[in-house]
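**Student:** Here is how the chains run, residue by residue.
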Amino acid sequence: MAEEGATTVGAAEKVIHTYPLIRHSDMTEEMRIEAMELSVTACEKYSQNNELAARMVKESMDKKFGPAFHVVVGESYGFEITYECTTICYMYFGGNQAICIWKCS
Amino acid sequence: MSSASSSDCEDKDTATKSRGNLQDEEGLDWLKPRTLLVPDDQEDVPDADLEEEIGRILTTINPQWVADEVAYHYGQAKFVVKPKPTFGKAYPLYVYQGTAIRKDSDEAKAQIAAGYGKVGFDDAGPKRAKVKKSTTEMEEEEEPEAEPPPQEEVKEEEAPDEEKAKEEGGEDQEGGQADAAADEETEAVADEGAAEEQVPEDAGEAGETHVEEVLEIKPRVKKLANQFNFCERAALTYNFPRRSVDTQTVPPPRANYGATCLQSIIFDFYQEDYARKQREKEEEKPKRLRKKTAKHVKSAQQIHDEQLAQRIREAWTILERLVNQNIYDEIAQDYRYWDDPSDEFREGMGSLLPLWKFQFEPMRSHAVCDVQWNPHYQDLFAVAYGSLDFTQQQKEGCLCLYSIKNPAFPEYSVITDSPIICLDVYKETPYLICIGRYDGNVCVYNAQLTLESSYQYKSDSVRDKHSNIVWEIKWGARMIDGEASFFSISGDGRVVQWAVMPGELQATTIITLHSSVPPIPGPDGTLLTVNSCGSCICFHPEKADIFMVGTEDGMIHTCSLKYNRNYVRSVQGHHMPVYRIHYNNYNNTIYASCSGDWRVKIWEDGRDEPLFMFELGSPVGDVKWAPYSSTVFAACTADGKVYVYDLNVNKYRPICVQAVVSKKTKKLTRVDFNPRLPVIVCGDTKGTCHVVKLSPNLRVMCKPPKKAQVSDQRTLQIMKLDKLLSLVRDPPFQTGVVDEKFDDD
Chain A
1 MAEEGATTVG AAEKVIHTYP LIRHSDMTEE MRIEAMELSV TACEKYSQNN
51 ELAARMVKES MDKKFGPAFH VVVGESYGFE ITYECTTICY MYFGGNQAIC
101 IWKCS
Chain B
1 MSSASSSDCE DKDTATKSRG NLQDEEGLDW LKPRTLLVPD DQEDVPDADL
51 EEEIGRILTT INPQWVADEV AYHYGQAKFV VKPKPTFGKA YPLYVYQGTA
101 IRKDSDEAKA QIAAGYGKVG FDDAGPKRAK VKKSTTEMEE EEEPEAEPPP
151 QEEVKEEEAP DEEKAKEEGG EDQEGGQADA AADEETEAVA DEGAAEEQVP
201 EDAGEAGETH VEEVLEIKPR VKKLANQFNF CERAALTYNF PRRSVDTQTV
251 PPPRANYGAT CLQSIIFDFY QEDYARKQRE KEEEKPKRLR KKTAKHVKSA
301 QQIHDEQLAQ RIREAWTILE RLVNQNIYDE IAQDYRYWDD PSDEFREGMG
351 SLLPLWKFQF EPMRSHAVCD VQWNPHYQDL FAVAYGSLDF TQQQKEGCLC
401 LYSIKNPAFP EYSVITDSPI ICLDVYKETP YLICIGRYDG NVCVYNAQLT
451 LESSYQYKSD SVRDKHSNIV WEIKWGARMI DGEASFFSIS GDGRVVQWAV
501 MPGELQATTI ITLHSSVPPI PGPDGTLLTV NSCGSCICFH PEKADIFMVG
551 TEDGMIHTCS LKYNRNYVRS VQGHHMPVYR IHYNNYNNTI YASCSGDWRV
601 KIWEDGRDEP LFMFELGSPV GDVKWAPYSS TVFAACTADG KVYVYDLNVN
651 KYRPICVQAV VSKKTKKLTR VDFNPRLPVI VCGDTKGTCH VVKLSPNLRV
701 MCKPPKKAQV SDQRTLQIMK LDKLLSLVRD PPFQTGVVDE KFDDD
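Top line first, the protein sequences correspond to chains A and B. Residue numbers are given in UniProt numbering: position 55 of the first sequence equals residue 55, and the series is strictly consecutive. Residue numbers are given in UniProt numbering: position 479 of the second sequence equals residue 479, and the series is strictly consecutive.
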């Protein structure tokens with residue numbers, strides 16, 4: 001698949017995508033947009049420190065939507081989580097980061 | 001001290017006696033003195049020893065006191081006498097102001113006078129029975145005691161009890177004594193007032209006179225309230241039985257999710273998303289069309305058939321053109337090269353040469369509601385078929401493109417489900433035509449698309465369409481972000497800007513035409529504001545944000561896109577609906593308007609009165625300035641005539657009046673100048689478009705003045721108009737100068 005993408009796009013015009021891209025989410029529209037914007041802000045602010053970025057997203061989400069959010073920011077990881085319905089958002093950002101936000105208290 | 005010891009003695013004597021009484025008066029046993037339990041190994045002490053008084057003297061002299069205490073003073077290097085403390089060696093750590101007062105004091109007297117505590121302490125007020133024995137032994141026995149305690153404490157309410165006690169006591173005197181002893185114990189500390197002392201005397205007298213017991217009851221006195229003088233009473237209520245009720249809520253639903261993210265996965269997903277977005281961008285076509293194409297997956301045979309059909313269609317088109325050219329050969333020659341020779345002999349008058357009539361068979365009963373030459377192809381014009389007969393409104397309309405090369409059949413035609421009232425061809429891309437419909441919707445048609453496809457964009461019938469007929473529609477300048485936009489004016493009094501977004505039209509209300517009519521009271525006390533119905537709109541040729549609006553009540557408002565509440569200017573232009581406002585092609589301050597009140601007026605910006613006014617004797621459907629001359633304009637009327645004026649030739653009368661259609665059956669609705677050819681097209685109410693040629697006298701060009709340098713035609717035209725205007729303007733404009741009813745033929 002990756003090869004196909006590379007061939008279709010072409011080596012000359014290698015497009016680097018930086019926009020946030022939701023991979024999986026069952027949040028409400030409003031919440032999802034909020035989470036997305038927060039993640040973008042945090043990842044841009046702490047581009048070198050995923051831990052701080054995750055902390056910022058988590059704390060902001062806790063403040064806005066009630067506590068016990070969990071946030072993972074990283075470039076490669078796997079997870080298997082239990083979440084409260086309508087509170088998960090798994091998204092990519094910056095072309096190389098995956099952010100997983102969910103709530104479970 | 002003495003009384004205490006004596007009472008102890010009494011206790012011992014009366015310990016056994018009092019038992020009986022205690023049992024009798026169970027309710028009051030808590031008042032009874034406790035009998036002391038004597039341990040078995042209690043040393044037997046003779047009574048005399050017990051009664052011995054041991055005195056103790058408390059003095060105020062402190063034996064620890066040192067009179068002259070000295071201390072070493074380091075500063076003076078010698079012993080000095082310490083200063084004497086005020087309290088001697090005693091240092092008060094805590095001083096408490098007591099509440100007890102001396103009863104001799106004034107304050108105590110005052111309290112007593114007020115009825116408080118003549119005697120203290122015996123709050124319980126146990127019955128006080130004075131038992132006097134006639135026998136002397138008994139008296140003697142009692143004498144060591146502190147004397148029969150005061151009887152004033154006896155309470156009235158307890159009297160019956162006491163009497164009973166007395167009766168019992170009468171039989172058993174020892175019982176009575178026990179009572180007395182009990183009382184004495186509690187009263188040992190009690191104050192003894194002067195009154196008390198009298199009591200024993202009385203009792204003594206009573207004892208002498210009556211052998212029986214004497215019961216004296218004194219009125220109850222209020223007790224003195226102080227911290228020693230209280231009793232506690234308490235009650236215990238039932239405890240309510242307790243029960244616990246609990247419930248458990250359903251926990252919020254949970255779900256599991258798991259995923260793995262790797263650089264490759266992220267990259268792939270981005271690629272996928274990017275590809276999807278590209279695809280969406282490509283699919284600019286309306287969704288309906290996409291669906292249609294998606295539905296028909298064409299087989300090879302079908303494709304072949306279609307290609308064949310296309311080729312045949314092209315062949316037929318060529319054949320049709322050939323046939324038409326043969327049929328209309330003379331006209332085709334005429335329209336280019338034949339000029340009416342009679343023009344040379346009639347100075348200042350011209351004529352119109354009918355060329356073709358365009359009809360579309362399904363639209364025979366419809367009216368031509370708008371007609372417009374294509375700005376790019378000089379032989380092409382667009383026609384909007386609708387209906388102006390509002391009592392018998394047609395159910396459908398049609399948009400047709402005719403070419404003068406083929407008068408027999410339109411090049412492009414689309415039947416719509418609502419009559420079309422107005423249209424405008426986009427100058428930048430002349431295949432885009434926006435239309436306004438009778439039902440208030442606006443659409444954009446793409447003439448390049450195949451015939452079976454209908455509109456490319458359409459306003460949302462629910463959300464943002466006009467609530468009345470769209471009377472005129474005009475393409476506007478591109479918006480800031482590059483989208484094409486057009487403006488529509490409708491009978492509902494709104495001017496709406498429609499931005500052509502990919503796949504949809506986005507409506508913005510530019511202005512709501514408020515009326516000068518005050519709000520009308522509606523049902524339930526509401527006030528309905530009245531909008532004036534817009535009937536035409538015209539944009540300033542240069543200032544993109546200025547536009548003029550004509551209304552059905554004859555007002556002409558100059559508006560700006562920047563203000564959505566107020567008009568820049570307002571002129572009462574006509575007395576009937578304004579059908580058309582058209583700016584002069586050479587001078588931006590001059591515009592013409594026509595109306596249902598039979599008049600055509602030429603206005604200058606900023607002037608409240610028209611420069612020229614012409615009365616045509618019938619409702620004027622349209623007026624247009626000629627593109628080739630600054631002073632020529634044409635108007636068409638409901639009685640089927642086309643009027644052509646050249647203000648340079650004749651300021652008062654038209655230079656050509658020609659009946660194009662029979663006035664009995666048809667009316668002329670719209671007229672339009674071809675931008676390059678000397679022909680005009682006018683539409684009538686029976687679905688026919690008449691293309692007529694202007695004779696040479698109607699299109700006189702300016703000759704450059706001999707002296708002046710050679711200048712182009714445009715400058716000359718502007719000069720011509722300016723000269724004419726100066727003639728009209730210089731003497732202050734007077735109404736009625738041009739108000740001359742033109743006589744038919």
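Calculated directly from the structure, the hints in this document are not laboratory data. Among these hints, one or two may not hold up.
One-sided excerpt, in silico: chain A residues whose CB lies under 7 Å from chain B [stated by the list, open to error]:
| id | residue |
| --- | --- |
| 1 | Val40 |
| 2 | Thr41 |
| 3 | Asn49 |
| 4 | Phe65 |
| 5 | Pro67 |
| 6 | Ser76 |
| 7 | Ile81 |
These numbers were taken from a predicted model, which means no experiment stands behind them. No residue lacks a Cβ here, since even glycine has one placed at the ideal position from N, Cα and C.
**Student:** Give a verdict on every hint.
**Tutor:** Hint check:
1. Val40: violated (15 Å)
2. Thr41: violated (20 Å)
3. Asn49: violated (18 Å)
4. Phe65: Where the cut-off is 7 Å and the nearest Cβ of chain B is about 13 Å from A/Phe65, the hint is violated.
5. Pro67: violated (14 Å)
6. Ser76: Holds, about 5 Å.
7. Ile81: Given a least distance of 6 Å, the restraint on A/Ile81 holds.
Checked against the numbered hints listed earlier, the structure breaks hints 1, 2, 3, 4 and 5; every other hint is satisfied.
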